[in-house]
Amino acid sequence: MIEFLNPAELPRARAAGALVAGILRTLRGRCAVGTNLRDVDRWAQAMITEAGAQSCYVDYEPSFGRGPFGHYICTSVNDAVLHGRPYDYTLADGDLLTLDLAVAKGGVVADSAVSFIVGGSNPPESVAMISATERALSAGIAAAGPGARIGDISHAIGSVLRDAGYPINTEFGGHGVGSTMHQDPHVPNTGRPGRGYTLRPGLLLALEPWVMADTATLVTDADGWTLRSATGCRTAHSEHTIAITDGGAEILTLPPA
363 MIEFLNPAEL PRARAAGALV AGILRTLRGR CAVGTNLRDV DRWAQAMITE AGAQSCYVDY
423 EPSFGRGPFG HYICTSVNDA VLHGRPYDYT LADGDLLTLD LAVAKGGVVA DSAVSFIVGG
483 SNPPESVAMI SATERALSAG IAAAGPGARI GDISHAIGSV LRDAGYPINT EFGGHGVGST
543 MHQDPHVPNT GRPGRGYTLR PGLLLALEPW VMADTATLVT DADGWTLRSA TGCRTAHSEH
603 TIAITDGGAE ILTLPPA
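Take 363 as the starting number for the sequence shown in this note's numbering and just add one per residue.
One should not assume that every hint holds.
Simulated restraints, written as ranges between beta carbons of each label pair [unchecked claim]: (1) G414 with A526: 37 to 47 Å; (2) N368 with G556: 36 to 46 Å; (3) G481 with A584: 20 to 30 Å; (4) E412 with R554: 21 to 31 Å; (5) P508 with G481: 39 to 49 Å; (6) P617 with G481: 16 to 26 Å; (7) T582 with N398: 20 to 30 Å; (8) R387 with G432: 20 to 30 Å; (9) Y449 with R374: 12 to 22 Å; (10) T560 with D455: 42 to 52 Å; (11) P508 with R374: 17 to 27 Å; (12) P373 with A526: 35 to 45 Å; (13) D455 with E423: 34 to 44 Å.
Honestly, the hints are just simulated from the structure, not real lab data. Remember, it's a predicted structure, so these values are computed and weren't measured experimentally. No residue lacks a Cβ here, since even glycine has one placed at the ideal position from N, Cα and C.
Given only the sequences and the hints, what does the whole structure look like? Please build it.
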């Protein structure tokens, strides 16, 4: 299913995006050495509820998961890259943490993710990997606009990741959003330009470059949800929701100024 918003509905998408961006910024500021991932989940729940919004994760039960996700945010640490379920883990100095949040407000979903290093350590390899996903995300957004194709976005993202030396997994990537979290079209993190679905105004896309340092192979954790690198290497993930407009691509999940 592919949904399109009319211009009158775009303010609701902006409101959902601003909420997601604001929650992620607050949580990032609270995640310090000694923070427990279960507390991060509780904080996310409180902010979503206070805003009168709905979590896209609590009851989420796709074919690739094991039962409902059951939490309000994805917290992926170090070798975990996607769908990390919050558990009884206390963050340590130098941990690479990804927070991934999808929320529905006013009937529209926004989805965003950010990776960062906890504490005062800045391992160069981790910094470089986070930077690569952020640059790939910017390149994908720059390639999006009315008349562009999904392959143009995928090629732009993949070119940055490949030039940075990272293997690319295509099992999971970006996707359409609308009244639900995961819709068509699928947006792989590599592809051929000029191919695929043609973008038009009103389409919302969640673009999400993610990489693992030395492998493209995922393994599923014992919780049935958390996806980790097969080699135990570190990972990074960056994501924004964008709206295709007559003028190009508008980022809906930028943190507030």
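Okay, the hints, checked on the actual structure:
{"no.": "1", "hint": "G414 with A526: 37 to 47 Å", "result": "holds (40 Å)"}
{"no.": "2", "hint": "N368 with G556: 36 to 46 Å", "result": "violated (28 Å)"}
{"no.": "3", "hint": "G481 with A584: 20 to 30 Å", "result": "holds (27 Å)"}
{"no.": "4", "hint": "E412 with R554: 21 to 31 Å", "result": "violated (45 Å)"}
{"no.": "5", "hint": "P508 with G481: 39 to 49 Å", "result": "holds (43 Å)"}
{"no.": "6", "hint": "P617 with G481: 16 to 26 Å", "result": "holds (21 Å)"}
{"no.": "7", "hint": "T582 with N398: 20 to 30 Å", "result": "holds (23 Å)"}
{"no.": "8", "hint": "R387 with G432: 20 to 30 Å", "result": "holds (25 Å)"}
{"no.": "9", "hint": "Y449 with R374: 12 to 22 Å", "result": "violated (34 Å)"}
{"no.": "10", "hint": "T560 with D455: 42 to 52 Å", "result": "holds (47 Å)"}
{"no.": "11", "hint": "P508 with R374: 17 to 27 Å", "result": "holds (20 Å)"}
{"no.": "12", "hint": "P373 with A526: 35 to 45 Å", "result": "holds (37 Å)"}
{"no.": "13", "hint": "D455 with E423: 34 to 44 Å", "result": "holds (36 Å)"}
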